[in-house]
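Novice: Read off the chains here:
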Amino acid sequence: MEELLEILNDINPDVDYSKEKNLIDGKVYDSFSIITLVSNISEEFDIEIGPEYLVPENFNSAEAMWKMIQKIQEDED
Amino acid sequence: MELLTLGFLLFCIVLVIIYYLVPKTMQWWVLLAASLYFYAMSGIKNMIYVLITALSTYAATRMIQSLTDRQKEWIKANKKTTSKEERAAYKAHIQAKRRAILVAALLLNFGILCTFKYLHFLIAQVNTVISSFGASPINDTLKLIIPLGISFYTFQTMGYLVDVYWNKCPAEKNFGRVLLFVSFFPQMTQGPISNYKDLTTELFKEHTFTYHHFSWGAQRMFWGFFKKMVVANVLSAYVQDVFANYASYSGITTLIGAFMYSVQIYADFSGYMDMMCGFCEVLDIRLTENFERPYFSKSIAEYWRRWHSSLGAWFKTYVYYPMAMVKWNQRLGRWSKQKLGKTFGQTVPASVALVVVWLTTGLWHGASWAYIAWGGVNGIFIIVSLWMETVYASWKQKLGINEASWGWRAFQTIRTFILVTFIKVLPEVGTLSDGFGLWKQIFTNHTIPRSFHALLPFVDKKMPLLAVMIGTILIFVTSLIQRRQPIRQWLEDHTNYAVRILIFAVLFIVIVYFGYPASGNGGGFMYEQF
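Note that the protein sequences, when read in sequence, are chains A and B. Quick note, the first sequence lines up with residues 3 to 79 if you use our numbering. Quick note, the second sequence lines up with residues 4 to 533 if you use our numbering.
There may be inaccurate statements among the hints.
[Said to hold, decoys possible] Which bits of chain B does chain A cover? Going by a derived footprint, with three or more residues having C-beta under 8 angstroms, they are:
1. 36-50
2. 346-355
[What the hints assert, rightly or not] With a straight-line Cα cutoff of 20 angstroms, these simulated SDA-like cross-link-like pairs (lysine to any residue) come out:
3. Lys94/B - Glu5/A
4. Lys94/B - Glu76/A
5. Lys340/B - Glu8/A
6. Lys94/B - Glu54/A
7. Lys79/B - Glu76/A
8. Lys29/A - His96/B
9. Lys330/B - Glu54/A
10. Lys29/A - Ile490/B
11. Lys73/A - Asn170/B
12. Lys200/B - Pro58/A
13. Lys319/B - Ile51/A
14. Lys345/B - Asn60/A
15. Lys79/B - Gln75/A
16. Lys171/B - Glu8/A
17. Lys465/B - His449/B
18. Lys330/B - Ile51/A
19. Lys340/B - Ile13/A
[As the list claims (entries may be wrong)] Computed, partial: chain A to chain B, Cβ under 10 angstroms:
20. Ile37
21. Thr38
22. Pro53
Simulated from the structure, these hints should not be mistaken for lab results. Computed from a predicted model, the values in this text were never measured in an experiment. Just so you know, even glycine gets a beta-carbon here, dropped at the ideal spot from N, CA and C.
One chain only, chain B, in its complex shape (with noise of 0.2 angstroms):
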């Protein structure tokens, strides 16, 4: 089901009555119901997939739950009468059938995500090597069409095994809780990735209807309309033309183009999410989430956490901290410790597994070495950040510079959006040597426009890029006065309702006249392809 059309508007506005209309204990079996009923609107093949991501995640869950209660009892029954050998042995017999399972678990469900995903890229670079040994290269017949939001639903639902695997959270008994987790449609084709803990808690309490909740709600998700239809969607036009064509534009119109990506994918992608926390507060949901102002970040590992923060935080836990932990990764640092010295030493657990994260990060991103490189520079940036901040702290000291300076702080968010701006748009011009090819674009065009039309090649009317213009503003002046307060309360506290029907009032208006025509640029989402 398409998210910007007047039948997705309709089937909130149902889903909202029929919600509030039931008694409270049934309404996660409404939700339940919506989810699935918008899922099998993309396709009722694609259930399949949810339905046995969800039913092998609640089956192994159980099983490694039923293992952990059987060893609890055990011990617990045996702890006089056994010796501690005997109990580790137990423990030892109990954690490899749990390991069992959740690798199992695991390799099904990461297989599915990655026979979508990856088997045309895999089958074109075996070819690539097996044609240089003049072997003839295998027939990829294959048409697989990737299930809407599978990266997000799998990642998510994984995450909720590994817990119960770690007894973080007890294993759900009611498959019907765990297929809503898994299929829960505002959040299933773009995220949050939310853990269990905290979306179960959301959408299993009982929910009563407030005018606060409807109308902070619907404030928000109007706010999302704007960004995605107005800014996202009239830059997605430019964006694509100078990435069609950087080779024959100038360096200055194509750094505009980069900086003009910048801008559409936030606006688009958290205009999404601000869409759908919006329509979850009218449910009286918290959704998790997923932006905290990215472009103010002061370093790129500053950044990372503010930007798609729910993958982030799925990368920390279940990436992350266990690369750094792993046994051999530890005796690694141990004597990095005792070789290369203490200070940079302590750093190599950590960087081993900033590696693994951000190669894995970028082929979550896309199949291409497009994304494995995108997400090599940013892994490199991060670790080399990390080396050097003894070096930077001294630099700064020497230089004499005030780290809580206004104008230090200002260098490095500039410097930071800068460098975030190169990195974002490696894999989107196309393959690996496009993007590098816009950059060298960008650094040895010195041709200098003469004209507004020179400059702008691909603007063709003036008024949709006035509104992007003013947008973006809006955007920037709305993220600085979220800094101290949410935008909505801000609204209340220094507007009466008459002016904050009018701001309304004029965006709606904006939206009509400008995002509408735009809608044919790129009336998806931008993550939806992730």
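Chain A with its partners taken away, still in its complex shape (with noise of 0.2 angstroms):
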């Protein structure tokens, strides 16, 4: 979790991710930084995100982010 928000704070540090919970649909994310945020995200947990992942449910809010992450790492085992 710890480098998830790392990431996080890096695209936009003006966002207190314990709280948001509305980061896609309340337009704090656009499509451009989901894509800067899915690519750091694929280098730092060296997992493949699917296209089929970018829904907002997935990246609502940093909790979402790391159920995602953590259900994408157990299907590649």
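Two chains, two separate frames, one set of hints: put the complex together.
Specialist: Below you can see the structure in the form of structure tokens.
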């Protein structure tokens, strides 16, 4: 989770990621930020995030992103 | 079946009566029968392409789903007895089969679409090339008539196919339901391009007649008729005249014609959406909204999120994200970050994806270089603003611009509307050189018209122009109100029943008086051609 928060703060440091639950639906992150975010997560966690994961539910909060990362890691096992 | 006819109105009335009389579990069968009847009225031969799309998608999704289920069961049964490598090999084997089915279905359906839409254009380009080498050109004798709504229903159905491939939704077992999803008549000719989950949730729930749905739906339909018949159809004659004769008109007259086109296409397309969303509301079905006051956007990118937004969402989901995330593009992004710096480098994968999105969006709208250029110009504006974001931010800081101020936001809105108008007219005048010719005329012909006739030579009667101006102001005011609440709610809160009846009676008279005489200008809808 630490690494994920580092990535998020690097893209947009003005957000309180422990509270924000509406990153996509609230338009805090746009489609360009999503691409940057996904690239950095893929690189950091050495996982492949396919386009099927690019839905608002997976990116609306740091917690949701963390769950998605864990799911992809489990599936890759 | 023409939409602006008494025949269509009668069709809608009969449908609503039967729909609410049959048992609720049968309602979607009534919609399917009505949709097939509606489509058959546009040409019985066209039915075959809808059926091919529905059947091939049904078969492909069922096969993909069966492979997905088989893989899940195999993993579950063999997780403890197999190594990670063995499981990965099995997954890769199943994935290859799933991908082959997906590609075959995509090729078939996009192949049909491309044949109808792009074959003539392709032959013309090949002929241009081979003629320059002195070879005799290919004789293009094919007479292909594009089946109604093929661009819309093909995109919608292929979205569903990819969703099943991505495990976003399970494959539908009932072919009739897939056929209704493909052919649902209020949206198959001009969209919105819905995703499977959203539309089928609405189509297959049980619907109860309520006065509220009926009243609100009818009001929205009425408003759509007004926008189309009074504003769009009257403007259609003026705009056609300007586009045909711009070379002999002054720059200011041509500019007015260009702005009239912006109003016309909005009234036409959003008018259609109002009619269909309103009719679906009567049926207790909520369609995906396609417009969110697009001319109030503050950038081209925002405009495209608010104009024909279901097409934008489709391209974002099925072209932009996959293109931005594809391995070679990600590698290019990492390389660019190292060589060109982090800020610019991280825009590269998105920029590459945007180039593909905008060229295909241009092609989706029409098979011509003018539409490809139109897509390219939109893409250039969006990509350059992405690259310049940090530069613009520093400029604004240096100039002390308050981004939240009313003046700055108004400037952004007006600037975007002007840019959008100039881009819009490019493919609509005729060829690409006609489009550039119209731009040139606006900027280089500084003749000052000395009379009303010289300013607006295409206006022969002033009353329809007055109706259009009042109609445009009404659309503008309605949009302003809708920023805060739905206009129908506002009417209920601020007027009594008698006043609302009076408002719609006036609209009705205006439609009959100005709309019917103008229906010959543009009886069909502009987006039907796409």
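Novice: Hint by hint, note whether the structure agrees.
Specialist: Comparing the hints with the structure gives:
{"no.": "1", "hint": "36-50", "in the structure": "violated (count 0)"}
{"no.": "2", "hint": "346-355", "in the structure": "holds (count 4)"}
{"no.": "3", "hint": "Lys94/B - Glu5/A", "in the structure": "violated (29 angstroms)"}
{"no.": "4", "hint": "Lys94/B - Glu76/A", "in the structure": "holds (14 angstroms)"}
{"no.": "5", "hint": "Lys340/B - Glu8/A", "in the structure": "holds (18 angstroms)"}
{"no.": "6", "hint": "Lys94/B - Glu54/A", "in the structure": "holds (17 angstroms)"}
{"no.": "7", "hint": "Lys79/B - Glu76/A", "in the structure": "holds (13 angstroms)"}
{"no.": "8", "hint": "Lys29/A - His96/B", "in the structure": "violated (39 angstroms)"}
{"no.": "9", "hint": "Lys330/B - Glu54/A", "in the structure": "holds (15 angstroms)"}
{"no.": "10", "hint": "Lys29/A - Ile490/B", "in the structure": "violated (25 angstroms)"}
{"no.": "11", "hint": "Lys73/A - Asn170/B", "in the structure": "holds (14 angstroms)"}
{"no.": "12", "hint": "Lys200/B - Pro58/A", "in the structure": "holds (15 angstroms)"}
{"no.": "13", "hint": "Lys319/B - Ile51/A", "in the structure": "holds (16 angstroms)"}
{"no.": "14", "hint": "Lys345/B - Asn60/A", "in the structure": "violated (25 angstroms)"}
{"no.": "15", "hint": "Lys79/B - Gln75/A", "in the structure": "holds (17 angstroms)"}
{"no.": "16", "hint": "Lys171/B - Glu8/A", "in the structure": "violated (29 angstroms)"}
{"no.": "17", "hint": "Lys465/B - His449/B", "in the structure": "violated (25 angstroms)"}
{"no.": "18", "hint": "Lys330/B - Ile51/A", "in the structure": "holds (11 angstroms)"}
{"no.": "19", "hint": "Lys340/B - Ile13/A", "in the structure": "holds (14 angstroms)"}
{"no.": "20", "hint": "Ile37", "in the structure": "holds (5 angstroms)"}
{"no.": "21", "hint": "Thr38", "in the structure": "holds (5 angstroms)"}
{"no.": "22", "hint": "Pro53", "in the structure": "holds (4 angstroms)"}
In summary, the structure is inconsistent with hints 1, 3, 8, 10, 14, 16, 17 from the numbered list given earlier, while agreeing with the others.
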